[in-house]
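Peer 1: Letter by letter, the chains look like this.
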Amino acid sequence: MGKHERLTLIFFALLLFLPVGLSAVGELLPAGYLLRVVSSALMLTSLALAQNVLLGYTGYPAFGGIAFFGIGSYTAGVLSKNLGFPLLLSILAGGVLSLIVAIAIAPVLMKLRSHYFAIATLALQLALAEFVSNLEFTGGSYGINLPIYRGFLEGYLFYLLFWAVALSAFLLNLYVDRSVFGYALKAIREDELAAESVGVNTVLFKSLSFGLMAFVTGLTGGVYAFWITYIDPSSTFDPLLSVKTFVALLLGGVGTTVGPIVGAFSLELISEVVWSRFLELHGIILGALIVLAVLFLPRGVVGAKG
Amino acid sequence: MLRRVLDVRELSAGYGDVEVLKGISLYVNEGEVVAIFGSNGSGKSTFLKVVAGVLKPWGGTVHFLEEHIDPLPPEERVRRGVALAAEGRRLFMGMSVEENLILGGWTRRSRVKENLERVYSYFPELSEKRKTLAGDLSGGQQQMLSIGRALMSEPRLLMIDELSLGLAPAVVDRLAHILLTVREKEKISLLLVEQEVSLALEVSDRAYVFDLGEVVDEGPSEELLRRDSIRKTYLNVL
Numbered sequence: 010m011g012k013h014e015r016l017t018l019i020f021f022a023l024l025l026f027l028p029v030g031l032s033a034v035g036e037l038l039p040a041g042y043l044l045r046v047v048s049s050a051l052m053l054t055s056l057a058l059a060q061n062v063l064l065g066y067t068g069y070p071a072f073g074g075i076a077f078f079g080i081g082s083y084t085a086g087v088l089s090k091n092l093g094f095p096l097l098l099s100i101l102a103g104g105v106l107s108l109i110v111a112i113a114i115a116p117v118l119m120k121l122r123s124h125y126f127a128i129a130t131l132a133l134q135l136a137l138a139e140f141v142s143n144l145e146f147t148g149g150s151y152g153i154n155l156p157i158y159r160g161f162l163e164g165y166l167f168y169l170l171f172w173a174v175a176l177s178a179f180l181l182n183l184y185v186d187r188s189v190f191g192y193a194l195k196a197i198r199e200d201e202l203a204a205e206s207v208g209v210n211t212v213l214f215k216s217l218s219f220g221l222m223a224f225v226t227g228l229t230g231g232v233y234a235f236w237i238t239y240i241d242p243s244s245t246f247d248p249l250l251s252v253k254t255f256v257a258l259l260l261g262g263v264g265t266t267v268g269p270i271v272g273a274f275s276l277e278l279i280s281e282v283v284w285s286r287f288l289e290l291h292g293i294i295l296g297a298l299i300v301l302a303v304l305f306l307p308r309g310v311v312g313a314k315g
Numbered sequence: 499m500l501r502r503v504l505d506v507r508e509l510s511a512g513y514g515d516v517e518v519l520k521g522i523s524l525y526v527n528e529g530e531v532v533a534i535f536g537s538n539g540s541g542k543s544t545f546l547k548v549v550a551g552v553l554k555p556w557g558g559t560v561h562f563l564e565e566h567i568d569p570l571p572p573e574e575r576v577r578r579g580v581a582l583a584a585e586g587r588r589l590f591m592g593m594s595v596e597e598n599l600i601l602g603g604w605t606r607r608s609r610v611k612e613n614l615e616r617v618y619s620y621f622p623e624l625s626e627k628r629k630t631l632a633g634d635l636s637g638g639q640q641q642m643l644s645i646g647r648a649l650m651s652e653p654r655l656l657m658i659d660e661l662s663l664g665l666a667p668a669v670v671d672r673l674a675h676i677l678l679t680v681r682e683k684e685k686i687s688l689l690l691v692e693q694e695v696s697l698a699l700e701v702s703d704r705a706y707v708f709d710l711g712e713v714v715d716e717g718p719s720e721e722l723l724r725r726d727s728i729r730k731t732y733l734n735v736l
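First to last, the protein sequences are chains Y and D.
Just so it is clear: in the first sequence, position 42 is 51 by the numbering used here, and no numbers are missing.
Just so it is clear: in the second sequence, position 150 is 648 by the numbering used here, and no numbers are missing.
Think of the hints as simulated: they come from the structure by calculation, not from any bench.
Please note that a few of the clues may not be correct.
[Unchecked claim] Restraint-style ranges between C-beta atoms, simulated for each label pair: (1) Y:Ile293 / D:Arg577: 25 to 33 Å; (2) Y:Val189 / D:Gly633: 17 to 25 Å; (3) Y:Gly149 / D:Gly539: 38 to 46 Å; (4) D:Arg577 / Y:Val282: 51 to 59 Å; (5) D:His566 / Y:Val117: 23 to 31 Å; (6) Y:Phe190 / D:Arg724: 51 to 59 Å; (7) D:Met591 / Y:Gly149: 49 to 57 Å; (8) D:Met591 / Y:Ala297: 30 to 38 Å; (9) Y:His124 / D:Leu678: 44 to 52 Å; (10) Y:Tyr125 / D:Glu564: 38 to 46 Å; (11) D:Arg577 / Y:Ala132: 52 to 60 Å; (12) Y:Leu121 / D:Gly633: 20 to 28 Å; (13) Y:Val282 / D:Leu663: 27 to 35 Å; (14) Y:Leu121 / D:Tyr525: 32 to 40 Å.
[To be verified] Result set (DSS-like, lysine-lysine): computed pairs, CA atoms no more than 30 Å apart in a straight line: (15) Y:Lys120 / D:Lys520; (16) D:Lys520 / D:Lys554; (17) Y:Lys12 / D:Lys685; (18) Y:Lys12 / D:Lys629; (19) D:Lys627 / D:Lys683; (20) D:Lys629 / D:Lys683; (21) D:Lys520 / D:Lys730; (22) Y:Lys120 / D:Lys554; (23) Y:Lys12 / D:Lys520.
We put the CB at the ideal spot given by N, CA and C, even for glycine.
Full structure from sequences and hints, please.
Peer 2: Below, the structure is given as structure tokens:
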């Protein structure tokens, strides 16, 4: 394991104790606010790490990968509100349904490559948003109100869940980075025809990669739904969330294990510091960040160092 | 009679609605080195792609070791012993030499270690550059890696598309020499597609001449080497 990766694991370990530390200093710091910021950063970390498996290691940019964030949050929401499923089971079901949908559509969808693939996934995301807006049991365009969770650990539970999903996503990236499974994905990224001619079942492996992206993204969506307690089509199938995921990934370093985490935390920090003050300009700033990242750090902060 | 490793009958194939192969029949016996040559666009590479299974044929049959392999996907063909070192090497440029080789042994994962040692014994230079990215190798080393990667799957038939492409003659000679050693040691058959006709005829037992998707000439290489029409068209000897 590289130095950066060991540091990242230490970072995760420290984050686990952040709530304890914050409650120790008591009223000195706005603990709720800080936890919320770190929760958002962990959420973006999970999304970027999920996309990294697909784009970074397999070479397929699912620009509309947030479609599975929506599927995950709506599955969790509907199962718990309409059918009374317990919280954790609802979240897990959101991940599993995302996985199933992804594996089912991947063999067809992934005949497309590069920007064609990116646009097709974005179309999926926008179409699903419309679809959900027109269903009765999802509350249409009004969405679903979820009760505020009052059980074990209360609000801290969501911080821990985001933390757990992000850590799992990081471990998944570590696995992909150095396993034989990952070699097959990288071979597809490098040259799909050559991968096929050495005997890699490319349809199977790129579908699995797409499925893993969807699974992690779906889980993240489920946690988000209970955390924010209100979901509607425009916030869960939000194209801006797709953009943020890609900016985090490009900023940190596509195809590296640590990059997506660095990217997500820096972006979340920047957004808290900068665009809470320049609310009208945040779209421009986001756009400028993409341009700067691509121009000056084509391999991201982490890629540039290594 | 010698057993046929590869037996192709009346094969036709193309891209879109352009027919590139127009009824090709070709066979390779066990242990034989067969060369295919012909001008650009004669369908040589397309032929290898169909045999490897990465391009679907329009008609005709392909038998490998007396089994009909047309319905089989590429990975199943590799498992049965068909290997292709594709034109322009098509290496995984962003991955190391060893990672490329490991991927070549994808269908023989339980014997990766032995096969790595085997390939390194043929190409000691690759052994020294295990950790180097394929994209950072010289042209000759890349061709070695391409062949080595194909050998990782323990093929019975090794197909090489343009061995000499972009390489210095001395390098090509060395590669050809190594290939003949491999053939001798492993009793495999070779099917070479080659623009360098004199090389193709020197190292092969038999050869086929493709033109516009058809076989226009075939025979033992020694015989073709003496034939006037071949000498005039392909060897620039008057």
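Peer 1: Decide, hint by hint, whether the structure agrees.
Peer 2: Now the hints, each set against the structure:
1. Y:Ile293 / D:Arg577: 25 to 33 Å: The hint (25 to 33 Å, Cβ to Cβ) is violated, given that isoleucine 293 of chain Y and arginine 577 of chain D are roughly 55 Å apart.
2. Y:Val189 / D:Gly633: 17 to 25 Å: Hint holds: Cβ distance 21 Å, inside 17 to 25 Å.
3. Y:Gly149 / D:Gly539: 38 to 46 Å: violated (59 Å)
4. D:Arg577 / Y:Val282: 51 to 59 Å: holds (56 Å)
5. D:His566 / Y:Val117: 23 to 31 Å: Since histidine 566 of chain D and valine 117 of chain Y have Cβ atoms about 29 Å apart, the given range 23 to 31 Å holds.
6. Y:Phe190 / D:Arg724: 51 to 59 Å: At 54 Å between Cβs, range holds.
7. D:Met591 / Y:Gly149: 49 to 57 Å: Once the Cβ atoms are compared, 50 Å apart, the range 49 to 57 Å for glycine 149 of chain Y and methionine 591 of chain D holds.
8. D:Met591 / Y:Ala297: 30 to 38 Å: holds (32 Å)
9. Y:His124 / D:Leu678: 44 to 52 Å: At 46 Å between Cβs, range holds.
10. Y:Tyr125 / D:Glu564: 38 to 46 Å: holds (42 Å)
11. D:Arg577 / Y:Ala132: 52 to 60 Å: With Cβ atoms ~37 Å apart, the hint is violated.
12. Y:Leu121 / D:Gly633: 20 to 28 Å: holds (26 Å)
13. Y:Val282 / D:Leu663: 27 to 35 Å: Given about 55 Å between the Cβ atoms, the range is violated.
14. Y:Leu121 / D:Tyr525: 32 to 40 Å: holds (39 Å)
15. Y:Lys120 / D:Lys520: Holds - the C-alpha atoms of lysine 520 of chain D and lysine 120 of chain Y are around 28 Å apart, at most 30 Å.
16. D:Lys520 / D:Lys554: Holds, because 14 Å separates the two Cα atoms, which is no more than 30 Å.
17. Y:Lys12 / D:Lys685: violated (47 Å)
18. Y:Lys12 / D:Lys629: holds (19 Å)
19. D:Lys627 / D:Lys683: holds (24 Å)
20. D:Lys629 / D:Lys683: holds (27 Å)
21. D:Lys520 / D:Lys730: Holds, at roughly 25 Å.
22. Y:Lys120 / D:Lys554: Roughly 16 Å separates the two Cα atoms, so the pair holds.
23. Y:Lys12 / D:Lys520: violated (58 Å)
Taken one by one, the earlier hints fail for this structure at numbers 1, 3, 11, 13, 17 and 23, listed in ascending order.
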